[in-house]
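Colleague: Chains H and A are the protein sequences, given in the same order. When the letters of the first sequence are read in order and numbered with the numbering used here, they come out as residues 364 to 662. When the letters of the second sequence are read in order and numbered with the numbering used here, they come out as residues 168 to 466.
To be clear, the hints were calculated from the coordinates, so they are not data collected in a lab. All C-beta atoms, glycine included, are put in the ideal place defined by N, C-alpha and C. Mixed in with the good hints, there may be bad ones.
As the list claims (entries may be wrong) - Just some of the chain H residues that point at chain A, by a computed CB distance under 7 Å:
no. : residue
1   : 407
2   : 435
3   : 438
4   : 464
5   : 530
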Amino acid sequence: MHGWIVYNGNLGGKFLEHARLFEDSARRLGIDATVVANHSVLSMIAQGNSALLGVSDRPTPDFVLFWDKDLYLARALEQRGVRLYNAAAAIALCEDKGRTYQTLADHGVRMPTTVLGPRIDAWSGVVDYHYYQMVEDVIGFPMVIKESFGSFGSQVYLMEDRAAMRAKIAELGARPFVFQELIASSYGRDLRLQVVGESVVAAMHRTSTQDFRANMGQGATAKPHDPTPEQTEMAVRCAQILGADFAGVDLLFGAGGEPVLCEVNANAHLLNLRECTGINAADAMLAHIAKQVAWQRER
Amino acid sequence: MRVMRCWIVYNGYGGAKILQHAQWLADHAIRQGVTPHIVSNQRLLASFEHGRAGLFGDLASPLPDFVLFWDKDPYLARQLERLGVPVFNSAQTIATCDDKGMTHLVLADHGIPMPRTILAPRTFKKAGILDLAIYDDIADVLGYPLVIKHSYGSYGNQVFLIPDRAALQEKVLELAGIPSLFQEYVASSHGTDLRLQVVGGQVVAAMRRVSPNDFRANIGQGATPHPHRPTQEQADIAVRAAAVLGADYAGVDLLFGTGGEPILCEVNTNAHIINLFRCTGIDAGERIVAHLRERVRRL
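Given only the sequences and the hints, what does the whole structure look like? Please build it.
Modeller: In structure tokens, the structure reads:
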């Protein structure tokens, strides 16, 4: 069994470290795996047909652990019949927070009240304040604005009033975003559950003393957490609906302590998780992939 | 039998030209016995309350028999579909055509001639682009001059002709975080192209566009249109492209190869049908409404 571990070559650093983590797990499981930078394989269309550039010396892999968000490459690999972990569609759905909520809606998943922001092609100055009044009516203040494409909590903003909200919208311009209810009972804390296949393999409770967000990138500290069956079930269910083989699912605490879905990360940070819990989720991920590939072959 | 109702959704941030198209289509709806309602995307809120998908706004009910979606707001289009309303073009089609890289990938392997295209590897603005070597590989495959296009661009904006290596290296650095593609320059089509308007699997009108001073033939870039009678080969490619993309209506742009043969350049879900009418005397709006009316009747 031969696989690729694709990571983003221009990000390097932590992302390459993760790729190495997967490579180590693969070696321990006896899986032959090669670390591949996304930009070393180019997706091309020539004579109307799709092709991959830069891989003539490489055999087609049995699987790709796709630890990147390069959706063109992901799609091009899938068009060549390669199974990706995660699949391109799951990566796309998780990367776009608006689409994450839209996909999870009507599946009995508790989530904060959310309004998807309108598409603004270019900030033409045509602003219908009636719209923002309606958003206020639905959500009220304080209000969270999240950019649809953001990581590490760095594009999540807490709006205390109308003036702040309108200034933020103008600042965001054509960038897509969502409006969301602040779950006050979860201020500065959340849960991260790492799902692999149909189980939660590790979890942590993150707490921030100085911010409403509990992201590690925003200075939160983490301690190991033993998830309740309700939390586990919600996390696994979200991953399944999104078609993710593995996902870092963030849950908030509702007023009664009940889990409320915050977001789902297709490529969750595993080094922090290992440091906190002592569990290397990469092992479980590679074992899951090996099982899936073997099962595909039998069919 | 009750009267059929439709919404014509347009982008409220888009200015007068977009609204003019919505009114143009609404006039046709009235003439064909369909009651239209022109709705700005700023008047509809795609919301989630208690984990359920909903639609908010003073125009949000009752829902129409179908939506003529003259916008690219992907959240709103998907939300309407979630609520069970037929949306034309579909959210999936709109999203694919909005992304030029994805358009080429989806059209690949369907016997549609396209310029040789390489999709830019995913990069991030914050991290920038560290590895420039691969762009030389790309230039080796495509040759100079080559074309760089942002995947999300309209009216010929964000399309660049790159004459040499220096220009390439400079432009590439600006591309960090911007989905884009690299394309062979089709010299035989310099400053001229064809726009074929497809509706319901047929080409209903076409024009040839000629620019006096630019390699692009967009009217927004100063090109002049002339009525055109498409060859069978041109019509076949346009119709096939629209079919592969699942577009009920689309403006398909074709370039001229060295032997005059058609090469697909791009596909626009919401093509400028008023310009097309002024040039050809053919009103694609009338055909679009007639097609959708029949299609919905048969649902």
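Colleague: If a hint holds in the structure, say so; if it does not, say that too.
Modeller: Right, here's what the structure says about each hint:
{"no.": "1", "hint": "407", "result": "holds, 5 Å"}
{"no.": "2", "hint": "435", "result": "holds, 4 Å"}
{"no.": "3", "hint": "438", "result": "holds, 5 Å"}
{"no.": "4", "hint": "464", "result": "holds, 5 Å"}
{"no.": "5", "hint": "530", "result": "violated, 17 Å"}
Against the hints set out earlier in the document, a violation occurs for number 5 only.
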